[in-house]
Amino acid sequence: MEADTLLYRGGSFLYGPAEADTVFTPEDFTEEHRMIAQTAKRFLEQDVRPQNEVLENQDFGKVKELLQKAGDLGLLGHSVPEAYGGLGLDKISKGLVGEMLGSGGGYSVAHSNHTCIATLPITYFGTEEQKGKYLPKLASGEFLGAYCLTEPNAGSDALAAQTTARLNETGTHYILNGTKMFITNAEFADTFITYAKVDGKAFTAFIVEKDFPGLSLGPEEQKMGIKSSSTRPVIFEDCEVPAENLLGEVGKGHVIALNVLNLGRFNLGSACMGASKYGLGLTLGYVKERRQFGRTIADFGATQEKIASMAMRIYAAESLQYRTAGYLEEALGGLYDAEDQGLIAKRMMEYAAECAVCKVYGSETLDAVADEALQLHGGYGYIKEYGVEQMYRDSRINRIFEGTNEINRLLIPMNLLKAAMKGQVPLPDLVEQAATEMNAPQVEEIGPVSREAEAVKAVRRVFLMSVGLAYETYGDKLGEEQAVLIKLADMAIALYAAESAVLRTEKAVAENGEEREKLKRHLTQALIDELLLSVEMDARQLIQSAVDNPQLGSATAAVTAELSRLQRGGTADTKRKIALAQLEAGRYVS
Amino acid sequence: MNIYVLIKRTFDTEEKIAVSNGKIQEDGAEFIINPYDEYAIEEAIQVRDEHGGEVTVVTMGEEEAEKQLRTALAMGADKAVLINTEDDLEELDQFTVASVLAEYLKDKEADLILAGNVAIDGGSGQVGPRVAERLGINCVTTITDLKIDGSDVTIVRDMEGDSETIKTSLPLLVTAQQGLNEPRYPSLPGIMKAKKKPLEELELDDLDIEEDDVEAKVETVEVYLPPKKEAGRILEGDLSDQVSELASLLRNEAKVI
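Chains as they are written, first to last, in my numbering: chain P, 423 to 1012; chain Y, -11 to 245.
In case anyone wonders, no lab produced these hints; they're calculated from the structure. Wrong hints could be hidden among the right ones.
[As the list claims (entries may be wrong)] For lysine-lysine, the following PhoX-like pairs were computed, each having C-alpha atoms within a straight-line distance of at most 25 Å:
# : chain 1 : residue 1 : chain 2 : residue 2
1 : Y       : K96       : Y       : K67
2 : P       : K710      : Y       : K216
3 : Y       : K67       : Y       : K216
4 : P       : K940      : Y       : K4
Bound conformation, chain P alone:
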């Protein structure tokens, strides 16, 4: 199977439509998916949450104990092949476990750090011996894992790492020297996936065990949040790593580092979405109880508006997360036992743009939800015992780790530009086609969300037109115009979010009928109402900063005409209906 045989090409949402029946949605969960989710949820609620105070006091022994219990339940082995003691489950299950554990604060970080970036490099790039030696233990929780990429002077610029590796004279061991920073799970990790440059040049991955001579830990960092995950520097001083513990090939460390991050970003999006649902649930409980001016504050329009906004973002996050899970499963599902590392790497890179959206949209959804959840709790939100304060602090790191949101944003348009340069995507034709369509828009579809579906197309046209304008202005130097690229990324993220929500709603309505899926329709309508405005603003800002004066007026007018024709009245009423449904259920519902 080549990448070309995949039904959906990575990043193609940027320039072409998808059909509702080709996307995976939460309505497609199997009974087994639901049971797996239920187990993860019960583990969080019965085992993790009651220990929160102990965990927040950084009792890492308890974290380790919980991780081992998770191992007993199979919650560490979902993405490890069956042949190596895991369960070899699909990416939907991986997403579900991530979502269900997402509200576990620091524990959730420790857990997914272990199952994702600390285990996947061996799963996909290890030799048979390495897999046999490490994976069963990582799947059961007997071994816990850490991932050492970041250095004091190499954060986003990971390949600038200064840690070195040198093969000793007898050729038996690599000798590692350097310091890694912010290493999650360092306190109790048994294995450290470590990147170092062989002979100071060739960026390479190694599996380092905690007892290898020359490995030591720096002091525990005093963090703002996620306190129950251990974060320490890891120091290598002439650390002796057996030659057979080299992971992948010399000089190919970046392939592992960057590929595995894609799945890490996907997983982070799942966790953030799960945490957002929890935050909304906490808030719904509070606003229904809290009385001011003789009514519950849930009665107030301002509260309802915030509740609806949270639910809309969560709906979009959920839709795009599971859509991406479906793509990842198609690309990687059959590769648990694959030997062809080139193919694995290609498949893991395929959905880099979608994974970046998961990461950015998920983490920003959680930040928005945590912020409004705290606001709706008023003064009590600022007090520890209500739990929102912790959520607010825990949330913030998600916009930073697994690649900052800025790095992730830049990646989205850059991937498209690179594909265009290589001739894989006929970008100039697509831009021209978008411009033509903008001049003569045709609304053909008749359906429950036809306006919304048309809005997705309009957003795509505006995105492509903006790419065209930016390229006209900056030419091949566009790659250096970060402010412009980030605006393009914002539009791209809105596009994926909008399209994922619309496709999901279309699919659900086709399956269950309009009456039963009324709430999904409302969520989608209100989401589109707001995205049309935000995309218009992004496009106009881009035009304002990038386009020369003579063209400015016509470009702006084209954007406004394209998007404003799809405006709809009654957003406030729709949002009120959304809020009432959430309040009635007392938890996120769609």
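With the hints as your guide, set chain Y onto chain P.
Relative to the frame of chain P, chain Y by itself:
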């Protein structure tokens, strides 16, 4: 040991109940294993692990109940049986369910049958004892501890806050009270294994039961939600006036005395 567990599919405790056209609306609601039945399943698994044997979970109702059976299998039960009455019976009551279950169990030579103390929906607590009665075996309800030694059984049962120790013998039917154990939840490997475990589906015909013989004896006259809780009232004034006002309110307004 030959162990059977009787379980029921019920509304998730988090679900809001809505009534329309005289029926509880099930559309889109989440369903779970009746929580008291989870104690029964857990106890059955523990007894099997200690004494050997096999655990079979049995439920009665519609196709959908297969999900709860799968969950029980994922927890560790060995086999499952669904007595599907979807096409045969419109109404089920305690009599119907107990009659059908007893008919199914009569030739199974069960050593131990476990059920929940009550179901959180109907809440009658009758099915377990009725089944025992029909099978002519011992029955102890609301148990919080169970010890088996050969065919001797020592049980602690909950007496609404107090406890009572009972010695009895197998074969036996018990119903589980909260506190009996801490039910496990299925592990992921358990969920995967459950897919391959046997789940048998039977209909009344397979048990040679005539529909008329098990027809529900309870007639449902009306289904309605409890009235909304009104704001409380604080009586004021002289104590004896308050007492007589209260008595009059209870008699004339609340009509409870």
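How the hints compare with the structure:
1. K96/Y with K67/Y: Given pair K96/Y, K67/Y holds - Cα atoms ~13 Å apart, limit 25 Å.
2. K710/P with K216/Y: Holds, because 16 Å separates the two Cα atoms, which is no more than 25 Å.
3. K67/Y with K216/Y: 44 Å, violated
4. K940/P with K4/Y: 18 Å, holds
Of the numbered hints given earlier, the model fails hint 3 alone.
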